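Just need the whole structure built from these sequences, with the hints factored in.
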Amino acid sequence: DIVMTQTPVSSSVTVGQPASISCRSSQSLVHSDGHTYLSWLQQRPGQPPRLLIYKVSNRFSGVPDRFSGSGAGTDFTLKISRVEAEDVGVYYCMQATHFPVYTFGQGTKLEIK
Amino acid sequence: QVQLQQSGPGLVRPSQTLSLTCAISGDTVSSNTVAWNWIRQSPSRGLEWLGRTYYRSKWYNDYAVSVKSRITINPDTSKNQFSLQLSSVTPEDTAVYYCAREGAYGDYPNWGQGTLVIVSS
Numbered sequence: 087d088i089v090m091t092q093t094p095v096s097s098s099v100t101v102g103q104p105a106s107i108s109c110r111s112s113q114s115l116v117h118s119d120g121h122t123y124l125s126w127l128q129q130r131p132g133q134p135p136r137l138l139i140y141k142v143s144n145r146f147s148g149v150p151d152r153f154s155g156s157g158a159g160t161d162f163t164l165k166i167s168r169v170e171a172e173d174v175g176v177y178y179c180m181q182a183t184h185f186p187v188y189t190f191g192q193g194t195k196l197e198i199k
Numbered sequence: 257q258v259q260l261q262q263s264g265p266g267l268v269r270p271s272q273t274l275s276l277t278c279a280i281s282g283d284t285v286s287s288n289t290v291a292w293n294w295i296r297q298s299p300s301r302g303l304e305w306l307g308r309t310y311y312r313s314k315w316y317n318d319y320a321v322s323v324k325s326r327i328t329i330n331p332d333t334s335k336n337q338f339s340l341q342l343s344s345v346t347p348e349d350t351a352v353y354y355c356a357r358e359g360a361y362g363d364y365p366n367w368g369q370g371t372l373v374i375v376s377s
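These protein sequences, in sequence, are chains A and B. When the letters of the first sequence are read in order and numbered with the working numbering, they come out as residues 87 to 199. When the letters of the second sequence are read in order and numbered with the working numbering, they come out as residues 257 to 377.
For the record, the hints were derived by calculation from the structure and aren't laboratory data. Each hint should be verified, as a subset may be incorrect.
[Said to hold, decoys possible] Keeping only pairs whose Cα atoms sit at most 35 Å apart, straight-line, the calculated DSBU-like set for lysine-lysine is: (1) K141/A to K199/A; (2) K165/A to K141/A; (3) K335/B to K324/B; (4) K165/A to K199/A; (5) K199/A to K314/B; (6) K335/B to K314/B; (7) K195/A to K314/B; (8) K141/A to K314/B; (9) K195/A to K165/A; (10) K141/A to K195/A; (11) K324/B to K314/B; (12) K335/B to K141/A.
[To be verified] Under 8 Å between C-beta atoms, here's a sample of chain B residues computed to sit facing chain A: (13) W305; (14) W315; (15) D318; (16) P331; (17) Y354; (18) G362; (19) D363; (20) P365; (21) G370.
[Stated by the list, open to error] Some chain A residues near chain B, calculated using beta-carbon distances under 10 Å: (22) S98; (23) V101; (24) Q103; (25) S106; (26) R136; (27) F146; (28) F153; (29) E172; (30) V174; (31) P186; (32) F190; (33) G193.
Bear in mind the structure is a predicted one, so any value in this text is a computation, not a measurement. For every residue, glycine included, the Cβ atom is placed at its ideal position computed from N, Cα and C.
This is the structure we're talking about:
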């Protein structure tokens, strides 16, 4: 199975400051069709995950533009340009390139300082 | 707007079968552009993809190797829902179970509310 490794495990950020989360895969996530199926999800306490970014850098409908995704191959990054209090939660990367098993990162907990 | 509503028991005895249902509104289970997934989450295993069902002129299923011998995911077109059955459960199957709609890019734009299932005698 593809292993997705996120860093840091947790991050404490002041409101208004930027935040960055890294995700590294054990194999390239470029599919044979040329696309890279890497998503980012946010999970607030007590809620199901919520889709933020798909295909590396595409923001899902309704997601604030302070969230952005980038990367290629095996290295990917989620950035929050200016953290707000509502951004508290756990963030996961997920790959859907290497089927038949979709795999998730272990999560990065974002807290407000 | 697509909504997924989960139902099923929160307590299952060891060696019994876990059964959950996910009712769909705003889409159809027999859509030929999406897939219907089950994912679980536990402190020890994190988020774990279990399997999916989808329709592309006929029905298909894919299952995670870790549960392949014990899992069944079935669509129910008459009720526009899909179900999860996981047999021979052990305490290690204790988790929050989610149903999720998979979009065209292996993404999950819609999730059920989650069901905490505890396996205990």
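Consistency of the hints with the structure:
1. K141/A to K199/A: It holds: about 31 Å lies between the C-alpha atoms, which stays within 35 Å.
2. K165/A to K141/A: Measuring from Cα to Cα gives roughly 15 Å; hence the hint holds.
3. K335/B to K324/B: Given pair K335/B, K324/B holds - Cα atoms ~25 Å apart, limit 35 Å.
4. K165/A to K199/A: With a Cα-Cα distance of about 17 Å, the restraint between K165/A and K199/A holds, given a limit of 35 Å.
5. K199/A to K314/B: Between K199/A and K314/B the Cα gap is close to 52 Å, so the pair fails against 35 Å, i.e. violated.
6. K335/B to K314/B: Since the Cα atoms of K335/B and K314/B sit roughly 18 Å apart, the hinted pair holds (cutoff 35 Å).
7. K195/A to K314/B: 41 Å, violated
8. K141/A to K314/B: 27 Å, holds
9. K195/A to K165/A: 14 Å, holds
10. K141/A to K195/A: With Cα atoms ~22 Å apart, K141/A and K195/A stay inside 35 Å; holds.
11. K324/B to K314/B: Since the Cα atoms of K324/B and K314/B sit roughly 21 Å apart, the hinted pair holds (cutoff 35 Å).
12. K335/B to K141/A: 32 Å, holds
13. W305: 4 Å, holds
14. W315: Not OK, violated: W315/B not within 8 Å of chain A, min 16 Å.
15. D318: 5 Å, holds
16. P331: 18 Å, violated
17. Y354: Holds. Min distance 6 Å.
18. G362: 2 Å, holds
19. D363: Hint on D363/B: holds, closest Cβ of chain A at ~4 Å, below 8 Å.
20. P365: 5 Å, holds
21. G370: 5 Å, holds
22. S98: Since the shortest Cβ distance to chain B is 21 Å, the answer is violated.
23. V101: Interface hint status for V101/A: violated (27 Å vs cutoff 10 Å).
24. Q103: 27 Å, violated
25. S106: Constraint on S106/A not satisfied, violated at 21 Å.
26. R136: Holds, about 8 Å.
27. F146: 6 Å, holds
28. F153: 14 Å, violated
29. E172: Nearest chain B Cβ about 18 Å off; hint violated.
30. V174: Violated, about 18 Å.
31. P186: 5 Å, holds
32. F190: At 4 Å from the nearest chain B Cβ, F190/A passes the 10 Å test, so the hint holds.
33. G193: This interface hint holds because 6 Å falls under the 10 Å limit.
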